[in-house]
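Please take these sequences and the hints and turn them into a complete structure.
The opening residue of the sequence shown carries number 13 in the numbering used here; numbering runs sequentially from there.
Among the clues, some could well be false.
For lysine-lysine, the following DSBU-like pairs were computed, each having C-alpha atoms within a straight-line distance of at most 30 Å [what the hints assert, rightly or not]:
#: 1; residue 1: 354; residue 2: 387
#: 2; residue 1: 17; residue 2: 59
#: 3; residue 1: 123; residue 2: 17
Worth flagging that the hints you see were computed from the coordinates, not collected in a lab.
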Amino acid sequence: MHSLKVLILEDNSFQLMALHQMLNANGVYNVLAAENLESARRSLASKGPVDIAICDLYLEQADGLELIRELARERQAEALIILSDAEPDVLEGAAGMARELGLKILACLPKPASVAVIGELLTTYQQLSRQTPALNQALLRDLLALDLFAAEDVSPEEGVAAILGHGVAHFQPVIQRCGGLHGVEALARWEHPERGLLMPAEFLPLIEFAGLQEVFTWHMLEQALELAAGVRLVMGHALPVAVNVPVGILERPLFPRQLEALLRRFEIPARLLTLEIVDTTCLQTGTAHVEALLRLRMIGCKLSIGDFGVGGTSLQRLLELPFTELKIPPAFVAGMAMDERKQALVGSAVGMARRIALGVVVAGIETEAEYQVAKTMGAAHLQGCFMAPPMSAADMRQWLAQTLGRESAESAVRAAGMCA
13 MHSLKVLILE DNSFQLMALH QMLNANGVYN VLAAENLESA RRSLASKGPV DIAICDLYLE
73 QADGLELIRE LARERQAEAL IILSDAEPDV LEGAAGMARE LGLKILACLP KPASVAVIGE
133 LLTTYQQLSR QTPALNQALL RDLLALDLFA AEDVSPEEGV AAILGHGVAH FQPVIQRCGG
193 LHGVEALARW EHPERGLLMP AEFLPLIEFA GLQEVFTWHM LEQALELAAG VRLVMGHALP
253 VAVNVPVGIL ERPLFPRQLE ALLRRFEIPA RLLTLEIVDT TCLQTGTAHV EALLRLRMIG
313 CKLSIGDFGV GGTSLQRLLE LPFTELKIPP AFVAGMAMDE RKQALVGSAV GMARRIALGV
373 VVAGIETEAE YQVAKTMGAA HLQGCFMAPP MSAADMRQWL AQTLGRESAE SAVRAAGMCA
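If you want it as C-alpha cells, here you go:
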C-alpha cells in the first residue's frame, strides 16, 4: 500500500501520532498530518490531493465539516474515514453530507481506531479503486444503451441525451381521505430498450455515479409540470404535482430562481408544486440548504420530508426547517393493519403533523385493511397501489378523465386540503 497518500486531521497530538503509526504499520508512509484546519489546507496546497482523508469532526478552532466540504469542492480527496467521538446521528449526517458531495465513505468510526481496522479500510479502498469505476462504466453503458465495448468513459453529452430519451416520469395519484384527488407524485422510471421499465434502485445509483443526478431531476420536473399544464388545458385547472429532489441540488444558488422560471414557462402556480426532499439526514441547518429551502417557500412551493422516520430523520428538523408536509414511507405502512407497533408509530406521526399544522401523506397503502386503518387515524392524504398504481403520463390523463370525469376532477382538485 506504499502508493497511497493519506491526510490525517486530528487535534489531539497523541491520537494523531497513533494514527500516523497505524498507517505506517500498514505500509502507508506518504502521510500528511495536521492538528488543525489551516495546517491541513497548507499541506494540501503544497503537496497536492490525497487518496484518503481521516477526519475528526470536533476540533478546537473549527469543525471537520469544513474540511469535508473543501475536500469535495477542490477534489482534494477520493475517500473519507470519519473518526470521531460524535453521536451516531452526527456521524451518520456527516457521512451523508460527504456522500452527497461526491466523496466515498470508507467508514464512520468511534475513537480509538486500531491497526487492523485501518488496514481493512485501506484494503477496501484499493479494491474499490481498482474495480468500481470500470464496473460502473460498464453498467452505465448498458443502462444508456451505448456500446459496451467502447474504451472511453461515457461523455456528458451521451449521458444527457440518454436521460432525455429514456428517463420517464410515471405518476401516482394521492387521494384525500374523503375520496377526492389531492394531486399526483412523479416517480422516476427508466425505459431500457431490452430490459423494459426499470425501477429507481436499478438506475439512480448509476445516474448519480455519472454525475447526472441534477440533469435527471430537472427532466422529472419538466415532465411533471408538462402534465400539470396539459391537464389545465383539458380540464380548465392545473393539477398539483410532487417531485422528488436530492439534497445536493439545494446547494446550487440559482436553483430557486431557475425553478421559478420553469414554473412561469408552464404557467403553473408555485403553490401547486411540492418538492419532496430525499435523504433529509444530509440537510445541514445554518448552511446553503436552509437558505434554498426558505427561498423555495418564499416563491410559493411546498416542501415535503420524503423519508420521515427513516435514516435518523429527527423531529428537530421539523422545527428548524420550513417544511409543509411529511410523508410516512411504505416501510412503516406495510402490514400495519396487523402490527400494533406500526399503527402506534404511524398514528403518532399523523397526530403530531396535524397538531403542528403540517400536511401528511401516508404512502405505500397496498391493501384495503391498510387503507381503512390510515383513514381511521385521520390521515388527510393517502397514496398506494390499493387506490391507484403509478402510470404513464398518457395513462394518468386517461385515469383522470375516466375515474373522475371533467366536472368531478375539477371539484376534487379545487377542494385539495379541504377534507381534514
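Verification of the supplied hints:
1. Distance check on the hinted pair: residue 354 and residue 387 sit about 15 Å apart at the alpha-carbon level, within 30 Å; holds.
2. With a C-alpha separation of about 10 Å, the suggested pair residue 17 and residue 59 falls inside the 30 Å cut-off, and the hint holds.
3. Using a Cα cut-off of 30 Å, the hinted pair residue 123 and residue 17 holds, with the two alpha carbons roughly 22 Å apart.
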